[in-house]
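Chemist: Given next are the chains, with one letter for each unit.
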Amino acid sequence: MEKTEIKNKKKRGVSEDLSYGRLIFIQFKKHKAAQIGMIVLILLYLAVIFAGFVAPYDPQRRLKVPYMPPQTLHFFDQEGNFHARPFVYGIKMETNKKTFRREYAIDIEKKYPLNFFVRGDSYKLWGIFKSDLHLFGVEGDDGLFLPFGSDKLGHDLFSQAVFGGRISLSIGLIGVLIITLIGVIIGGISGYAGGKTDIVIQRFIEILRSIPMIPLWMGLAAALPANWPQFRIFVSVVIIISLFGWTTLARVVRGKFISLREEDFIMAAKVSGSSQFQIIVRHMIPNFIGYILVSITITIPMMILGETTLSFLGLGLRSPTISWGVLLRNAQGLQNISLYPWLLIPGAFVILSVISFNIIGDGLRDAFDPYAVTRR
Amino acid sequence: MATYIIRRIIFAIITLIIISIISFVIIQLPPGDTTSIRLQALQTGGVQVSQEQLDLIRADFGLDKPLFQQYFIWMGNMFKGDFGESFYYNAQVNQILKERIPYSLMLAFFSIIFIYVIGIVGGIISALKQHSALDYSISLISFFGLSIPEFLFALVLMYVFFRYFGISMGGFYSIEFRNAAWSLAKFADFVKHIWAPVVVMGAASTAFTIRVLRASMLDELRKPYVQVARSKGIPEAKIIFKYPTRVALNPVISTVGYILPTVISGEMIIAYVMDLPTLGPALLNAALSQDMYLVGAIVMILSALTVAGTLVSDLLLMFTDPRIKY
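Protein chains in written order, with my numbering: chain G, 106 to 481; chain V, 8 to 333.
Hints should not be assumed to be uniformly reliable.
Facing chain G, according to a computed beta carbon distance under 8 Å, are these residues of chain V, among others [to be verified]:
1. T22
2. G152
3. L153
4. L159
5. F169
6. R170
7. S261
8. M275
Quick list of in silico lysine-lysine cross-link-like pairs, DSS-like style, CA-CA up to 30 Å [unchecked claim]:
9. K105(V) <-> K199(V)
10. K134(G) <-> K105(V)
11. K137(G) <-> K199(V)
Chain V is faced by these chain G residues, among others (derived, beta-carbon under 7 Å) [to be verified]:
12. T414
13. G419
14. Q440
15. N441
16. I442
17. Y445
18. I450
19. A453
It should be emphasised that the hints constitute simulated quantities derived from the structure, not laboratory data. Each residue gets a CB set at the ideal place from its N, CA and C atoms; glycine is no exception.
Chain V on its own, in the form it takes in the complex:
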């Protein structure tokens, strides 16, 4: 077991290294480097920069060194908590990350709870009432959930709520609470706002969970041990929840590693559509203005968070399901 944990951790580290290389490549992709952008900014400001000064600046950033050395400098700085500078936000990248990561994590956390609660309940109902109207409507809704692009779902939801209920969604708080101190009223306002992005972010994965659980539950329900339990006179509710449900849940639990990246991906877009102060809009703004240090840092951080989350869930799974072989 210990070897399994160690192997899993080593694997996570290798993953992180590969991700860091990809992030670094992304930073390097556009022609020119950070100095050329700064140079442009200075020249439009009417400042003349000589070649010597330019070389000095480049040496300062380590840009005169070969690419693989630059990679190690970038990595080293990252470990010190220095992700470079963002010229779009005109701030340190880690400052931006610090402000936005908590919101991103919170959204992802709530979405995952939503996905599993609705997904598991829906999947079980769908399987127990196979071929009923309820089953068909759940299947239909989950098909929609898989097929709607997240941003479109968010837009339609915003439109419907504005048009028919007069609620304008977007942001985490209403205007009057935006700068207010935390209070019960502010918290209530916050709850009123957060469910919408959570639902949109979770829609596709919830649909996916329902379908996986429905299939595995149907398989289990057909097995002879369920018949035996019935013949022994065990109450139906106990049969279902004590035996087949627990077995059927395993494939669902093992999808955590797949759902986490999907949720994080979805958050990027929805946060932009719904105007939430998370990493998504920061990444988009950075990407649109080719602010590559910020782009690279966010890609790196998001992937690292996902890998960490998957690692934790895998280790948890190891304790909850003793049948997993190491």
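Bound conformation, chain G alone:
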């Protein structure tokens, strides 16, 4: 009897028996695209966390094959025989007699099977564990497998893209911490205090929003001394990008504070003698934590794009630090991209991660509040 009632309720979409968190989870599960985005992101972050293991080569190692195009995996050999274990052909380097450019040709004589868990370049996982085990690759030093090709100096672009993700994906997370902190504090003050304070803060936010961001970033990044150590540049870039990114969140938080301030249960808490701090932390913040979460998921891609853009322009991180933006810097100019189009591949990682975050943000927004207004 009881069971059928619950079933009926579920059918009608009424489910007051379920907790708030459970409801959100059910809503989110309906959004198939968001789940795909989630899986993509988990894979990306896993690859980046275990970068040394996932990347077949040391990203700084100069293999003797500059500007080699991506290699394809083969399941069938020249005679049409099927190989369950895919292999790559060897490569021959030739100089074109007419253009004097280096050209690569497939050497059918040599076949190198692709293996999982091969020994190769040694690396230190998280700076602690020394190892030379790699997820995949070809055994020995004769054969190479470069799925994304190589750059001017013969770096394996796949390994570089994996290692580049360490910076590009973490910059988003660190920046978002700063943004959330500033946004919640300023938005909270604005909404809770109200009156003149609120007006001043809101006008200030409007002013910040009316300034074009990228020229400002460029101006600030220009002031970074070129001889600074890489880590300090990294931190500065994060700060520059997050410095003006908190306004959206501050507005959301303020709006929520204002609407919650008038609610009965806040009144009740006040009357029963809760301190202001207690009211804010125990009663208000849990009520809009969802909005913060949505805001975070759509801010991270903004940070990733910011870093990529600045580094691409040469104003952010610089080689030998590897980030997706730094890698894309190689793909400048029509001549480079028409001769070596595979240098654009790291861009696919940028797009993939940004789309995933955006879609998850969409899914979360639907889950938390189906009536929220879209605002990027």
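Based on the hints, put chain V in the right spot on chain G.
Modeler: Using the frame of chain G, we list chain V on its own:
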């Protein structure tokens, strides 16, 4: 209404003052001042400069005065049209600005037209045909538009057109027209070149517009007045374009203040990738060589243009939408 206009203008002026302070801070950020750079240039040229001469030069530039006074000197000069000197281009900053601003403005203008035409048409179609294949493909494309970094989009576009159509993009004119006088042929060549940067610059904001309009249009279409209009036998096309579309457009119009900074920002990068003679590459070159007077001037000018554009659009909005409260 008059008070609203005045308030809006005062607000714009305050914004400009804050922007000018930020620009000035940017100029002051790197260690040393303009004289130290000049000094370096002179010394590498083998010229010895005594401390007295140096002090004289510094006094000449007003660099011996406290910082806030320097700010007012800088501001005062700016009002006289003197933005200082650029040592990277070895020219007066305002000369550089004069050459490049028209191109920047033109690009921004065309992009905004592109954004609204495509954004509004796409948004309406997407809402009217909700859940159709067309709606899904428009949504998918707009998701891509929001997620691709502008410079990457520009690069991919350049590659695709070069590889598959043999067209080399970049610049505003083909080589043979670069120094030619204006003619019909040159104009045709110009049109052939300008659409690409316009599309790239507008992509993200177009996607944004589509999504905003789609959402607000769907809200409107569900309202009872649309049902009433239908029951009265008004032709469907008239219902849609006369009522819900006009209401749904309001949130879109109010995004002008947001789209303008985005477009200007995008132009910085795309102009560099596509080699266009606008403010973008000048800012980048100045930034890379720490030519701070040029950097500060361009940040200032771009922000001022954006603020002015937003102000104009806000005032226009006031006339087009009588429901806005002052």
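Chemist: Report the numbers of all earlier hints that the structure fails to satisfy, in ascending order.
Modeler: When the structure is compared with the hints, numbers 2, 7, 10, 11, 14, 15, 17, 18, 19 turn out to be violated.
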